[in-house]
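Peer 1: Line by line, the protein sequences are chains H and U.
When we follow numbering that gives the first Met the number 0, the leftmost residue of the first sequence carries the number 0, and every step to the right adds one.
When we follow numbering that gives the first Met the number 0, the leftmost residue of the second sequence carries the number 0, and every step to the right adds one.
A hint or two may mislead.
Distance condition first, Cα-Cα at most 30 Å in a straight line; then the derived DSSO-like pairs of lysine-lysine [to be verified]:
1. H:K205 x U:K87
2. U:K159 x H:K11
3. U:K138 x H:K18
4. H:K159 x U:K208
5. U:K87 x H:K178
6. H:K128 x U:K159
7. U:K182 x H:K124
8. H:K176 x U:K182
9. H:K73 x U:K48
10. U:K182 x H:K11
11. H:K204 x U:K159
12. H:K73 x U:K138
13. H:K176 x U:K138
14. H:K121 x U:K48
15. H:K11 x U:K48
16. H:K176 x U:K87
17. H:K73 x U:K219
18. H:K40 x U:K208
19. U:K70 x H:K205
20. H:K204 x U:K113
21. H:K204 x U:K143
22. H:K73 x U:K143
23. H:K176 x U:K113
24. H:K205 x U:K183
25. H:K11 x U:K87
26. H:K178 x U:K138
27. H:K51 x U:K138
28. U:K48 x H:K178
29. H:K205 x U:K179
30. U:K113 x H:K178
31. H:K68 x H:K159
32. H:K178 x U:K179
33. U:K179 x H:K127
34. U:K113 x H:K159
35. H:K178 x U:K219
36. H:K121 x U:K49
37. U:K219 x H:K124
38. U:K138 x H:K204
39. H:K121 x U:K87
40. U:K48 x H:K18
The hints are simulated quantities; they were obtained by calculation from the structure and are not laboratory data.
In this text, all values refer to a predicted model and were calculated from it rather than measured experimentally.
One letter stands for each residue in the lines below.
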Amino acid sequence: MLLNEEVRGQLKERFRDLKDDVKLVIFTKKDDCRHCGDNQKLMEEIADLSGKISVEVFDIQADKEQVDKYGIDKVPATAVVGREDYGIRLYGMPTGYDFVSLIESIHLVSTGETQFTDEENKYLKGLKKDAHLQVFVSPGCPHCPAATIVAHQMARVSGKVRSDMIDSSQFPQLASKYKVSGVPHTVINETSSQLGAVPAPVIIKKINESAG
Amino acid sequence: MFNFTLGSGRANADISQVFDVVVIGGGPGGLSAAMYAGRYSLKTLLIEKKVVCGGQMATISSIENYPGLDKPVSGSHLAGEMESQAVKMDVKILHGQVTSVNFADEIKELNTPKGLIRARTVIICTGAQPRMLDVPGEKEHMSKGVSYCATCDGHLYLDKTIAVVGGGNTALEETVTLSKFAKKIFLIHRREEFRADKLIRNKVKAVPKIEFLHNATVRKIDFSHESNKHILVSVKGEERTLDVDGIFIFVGIEPHSGIFGDTLKLKYGFIVTDEEMGTNVEGVFAAGDIRSKNLRQIATAVGDGAIAAFSAAKYLAD
Chain H
0 MLLNEEVRGQ LKERFRDLKD DVKLVIFTKK DDCRHCGDNQ KLMEEIADLS GKISVEVFDI
60 QADKEQVDKY GIDKVPATAV VGREDYGIRL YGMPTGYDFV SLIESIHLVS TGETQFTDEE
120 NKYLKGLKKD AHLQVFVSPG CPHCPAATIV AHQMARVSGK VRSDMIDSSQ FPQLASKYKV
180 SGVPHTVINE TSSQLGAVPA PVIIKKINES AG
Chain U
0 MFNFTLGSGR ANADISQVFD VVVIGGGPGG LSAAMYAGRY SLKTLLIEKK VVCGGQMATI
60 SSIENYPGLD KPVSGSHLAG EMESQAVKMD VKILHGQVTS VNFADEIKEL NTPKGLIRAR
120 TVIICTGAQP RMLDVPGEKE HMSKGVSYCA TCDGHLYLDK TIAVVGGGNT ALEETVTLSK
180 FAKKIFLIHR REEFRADKLI RNKVKAVPKI EFLHNATVRK IDFSHESNKH ILVSVKGEER
240 TLDVDGIFIF VGIEPHSGIF GDTLKLKYGF IVTDEEMGTN VEGVFAAGDI RSKNLRQIAT
300 AVGDGAIAAF SAAKYLAD
């Protein structure tokens, strides 16, 4: 077992608040993927802890249709899907503080609870153009879950926002491509970025600017 | 093999009640104070501004000097253990920032975005944050080559050349951590001798990829050009340019005491307490790095927390 008895007990308790069913859609690869097997095992162990959580497994090479449907381009990948697909993705096996973000994501898609103000919700729901947020994080970063959760909450509220949490230690080339030299680092629509964990209005302003 | 940090997650505390003890800050001092208050069967709420508890401890890669640890553990691990110990004592945890306080009356009031919180006693454990070097280029390149957290950003400097600034235990411990990633490290310290314990000094000296620059201060950080990232360092009065991809700064801490300045007695920004952790306001206590004191360690923070909780319990009983 990857999760010890104590963590399993705490998660069971935590999952009592879940409302909508949650599906963890996992993408793996047979070879050349260091953490794919463990990521699948982790998600299956989590699904065992609540009747509201289920797991679906696809292969990035063999299941082209699902890869396109969920917009997956690297593995290990996990789409956290609720009543609908809100565009919430986790790339890399979530360990350390990234695990906090996984559990919060499950809660988020299931309950829809966010900390946004009415004005922020209104702006997000009224977005006309697509927004893609890529939040680079690392397992040892205690500041990172806050950045991930804000981005994921934005995706939960708006059908126009997609939010990816990317473990920079498992995807170093991608981190290097976006010149990530400190985490959390959020790339917004490929054109701008935000460093550190910031409140939603800061990200909203950058989405606004990038949407022209 | 893998570490899974869970944290306290969604707080379900009923904040309409008046708490016996409210602890502000979830670092080791706050977690200890809350755990002890819980053991005294006091209705206890801990308020942590971040999504996860642990404070500065959560950013330490390897803790060796905390009693009872046969093998070193990460700060995140120890924070998780302390947090679950507190939660087992029925401590409620609320994630949010205290924006202002009113300590004028017997029932103390704390404003948070989640509502007004009322308490008979308050234990302040707001800790501190890393101090900046305050040199040109530092602010502009924060998280763009300038870092204060090795466990967050160290892996981004794999096979790269970096500088580390500082001479205390944290600076040297984190230099050892960073040496697992970087190909070369300049360790910059303003004095002839390191302040760190001999044990850690010896450990750093045993790593061949570290070049020591004593009597040296950083004058400027310039990471504006990808192909020419460098820092300017004055070494024994002579200027040197070091080509580095990043710089990690561990030169002390700044207290988080801003909202208490009008009410509590401070010394250099740190809260002044008596031996029982009492401040100049009755029913308000302080523990951990926020206190004005000489030695700031996890061990001293948890000791402060235990005393503060005891004092709060005594105040409530009298």
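Peer 1: Against each hint, give a clear statement of whether it holds in the structure.
Peer 2: Right, here's what the structure says about each hint:
1. H:K205 x U:K87: violated, 42 Å
2. U:K159 x H:K11: violated, 43 Å
3. U:K138 x H:K18: violated, 44 Å
4. H:K159 x U:K208: Violated, at roughly 48 Å.
5. U:K87 x H:K178: violated, 43 Å
6. H:K128 x U:K159: Status violated; Cα separation ~39 Å.
7. U:K182 x H:K124: violated, 48 Å
8. H:K176 x U:K182: Within the cut-off at roughly 20 Å; holds.
9. H:K73 x U:K48: violated, 33 Å
10. U:K182 x H:K11: violated, 44 Å
11. H:K204 x U:K159: violated, 34 Å
12. H:K73 x U:K138: violated, 34 Å
13. H:K176 x U:K138: This hinted pair holds, its Cα atoms lying about 23 Å apart.
14. H:K121 x U:K48: Holds - the C-alpha atoms of U:K48 and H:K121 are around 26 Å apart, at most 30 Å.
15. H:K11 x U:K48: This hinted pair holds, its Cα atoms lying about 25 Å apart.
16. H:K176 x U:K87: It is violated: about 44 Å lies between the C-alpha atoms, which goes past 30 Å.
17. H:K73 x U:K219: Roughly 39 Å between the alpha carbons, so the hint for H:K73 and U:K219 is violated.
18. H:K40 x U:K208: violated, 39 Å
19. U:K70 x H:K205: violated, 45 Å
20. H:K204 x U:K113: The given pair, whose Cα atoms are some 24 Å apart, holds under the 30 Å limit.
21. H:K204 x U:K143: The given pair, whose Cα atoms are some 21 Å apart, holds under the 30 Å limit.
22. H:K73 x U:K143: holds, 25 Å
23. H:K176 x U:K113: With Cα atoms ~39 Å apart, H:K176 and U:K113 exceed 30 Å; violated.
24. H:K205 x U:K183: violated, 37 Å
25. H:K11 x U:K87: Given pair H:K11, U:K87 holds - Cα atoms ~16 Å apart, limit 30 Å.
26. H:K178 x U:K138: holds, 18 Å
27. H:K51 x U:K138: Distance of about 46 Å is beyond 30 Å: violated.
28. U:K48 x H:K178: holds, 29 Å
29. H:K205 x U:K179: At roughly 36 Å apart (the allowed maximum being 30 Å), U:K179 and H:K205 break the hint.
30. U:K113 x H:K178: violated, 36 Å
31. H:K68 x H:K159: holds, 15 Å
32. H:K178 x U:K179: holds, 21 Å
33. U:K179 x H:K127: Since the Cα atoms of U:K179 and H:K127 sit roughly 46 Å apart, the hinted pair is violated (cutoff 30 Å).
34. U:K113 x H:K159: holds, 28 Å
35. H:K178 x U:K219: Holds, because 21 Å separates the two Cα atoms, which is no more than 30 Å.
36. H:K121 x U:K49: The given pair, whose Cα atoms are some 26 Å apart, holds under the 30 Å limit.
37. U:K219 x H:K124: Violated, at about 45 Å.
38. U:K138 x H:K204: holds, 21 Å
39. H:K121 x U:K87: violated, 40 Å
40. U:K48 x H:K18: holds, 26 Å
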